[in-house]
Amino acid sequence: MSDRLIVFIQIHGEADKLESCLKSLENQSLLPSLVVVVDDGTPNSSVLNAVYSFETNGFRIEYFCGIEDKEPDLDTVGISIGRAYIEFVRNKSCFDYLSIIDVDSLPTVDYYKNIISAMIEKPDLVCASGVIYFDDILENRISAKVIKRTDARGSGKVISVPFLDSIFIFNFPEVAWDTWINVRAILAGKLSLEIDTIRLNTTRKTTRLENRDLFRDGRLTYHFGYNWLLLLYKIITRGRVVWYGYLDARKNKWLLKDSEVRKHFGWRYFLRLLKK
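For what it's worth, the working numbering labels the leading residue of the sequence shown as 1, then goes sequentially.
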């Protein structure tokens, strides 16, 4: 089994959570070769100081500032990860797998060992994740129950580096990679799966309960070109703040540059959901 794994920790502020996240990586039965703390614009040196005060065993740790001295907004989230990928991974031939994890996540001891084992056994599986637990309770994912999603998602996602290099485009998606990389896998005839026997713990709820997150959900619905019936479903189940976010993105013409991914979420996508 290859241990050539690189882990990106996404962070903006929250330096107090970094040590716990790093320790959970340090305790992995399959250690990463390199951990990069990707700072998305923390306006002070708290994250930088936390990185270099942590004494690590078993892997190298680097600090990377993707966007300097600003609050991340909905038009820049994800750019830092794209820049970090170019800096540490793209065409370096150093890594086989890249994982992106939120700083509030605590993967279980065998998390990476089990996911990478599954990816080795199934070569077409180019993107995989475990299921997320908060306070020992499985997160309530409406989309998983109603739309029956099974693709990899959220913190802890592991991506095949050769696959990622093969679909490299200069303009990375402006948002987080979750949806983009899943669709890219589908378009390439590959697999993206959430493996329900593998667990990742989080210290913060991931369900979208705040108005800020619902507004972002609406913007993303326009950004990815979702069918209007799915937009209606989101408004009914999550509230009118989703509609306000959709209108804001439409007003500002905030469309994903990757037209092939946008096309994926059109009428054919809706018809595929009805057949499930």
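Errors might be hidden in some of the hints.
Unchecked claim - Each computed DSSO-like pair below joins lysine-lysine, with the alpha-carbon atoms no more than 27 angstroms apart: (1) LYS122 x LYS92; (2) LYS92 x LYS253; (3) LYS263 x LYS251; (4) LYS23 x LYS113; (5) LYS190 x LYS113; (6) LYS251 x LYS92; (7) LYS92 x LYS113; (8) LYS253 x LYS263; (9) LYS251 x LYS190; (10) LYS263 x LYS190; (11) LYS122 x LYS17; (12) LYS253 x LYS190.
Hints listed in this document are in silico derivations from the structure and should not be mistaken for laboratory results.
Hints, verified against the model:
For the proposed pair LYS122 and LYS92, the alpha carbon gap of about 24 angstroms is at most 27 angstroms, so the pair holds. Our distance criterion of 27 angstroms between C-alpha atoms is broken by LYS92 and LYS253, whose separation comes to about 35 angstroms. Only pairs whose Cα atoms come within 27 angstroms are accepted, and LYS263 paired with LYS251 is accepted, the gap being roughly 20 angstroms. Annotation: proposed proximity of LYS23 to LYS113 holds, straight-line Cα distance about 16 angstroms (limit 27 angstroms).
Restraint check for LYS190 and LYS113: satisfied, since their Cα atoms lie roughly 21 angstroms apart, inside the 27 angstroms limit. As the CA atoms of LYS251 and LYS92 are separated by approximately 40 angstroms, the hinted pair breaks the 27 angstroms bound. With a CA separation close to 23 angstroms, the supplied pair LYS92 and LYS113 stays within the 27 angstroms bound. Pair hint LYS253 plus LYS263 holds up; C-alpha atoms about 16 angstroms apart against a cutoff of 27 angstroms.
Straight-line distance between C-alpha atoms of LYS251 and LYS190 comes to about 35 angstroms, which puts the hinted pair past the 27 angstroms bound. A hinted pair counts as satisfied when its Cα atoms are at most 27 angstroms apart, and LYS263 with LYS190 qualifies at roughly 18 angstroms. For the hint pairing LYS122 with LYS17, the CA-to-CA distance comes to about 34 angstroms; that exceeds 27 angstroms, so the pair is violated. Proximity of LYS253 to LYS190 is assessed by CA-CA distance (about 31 angstroms); at most 27 angstroms being required, the pair is judged violated.
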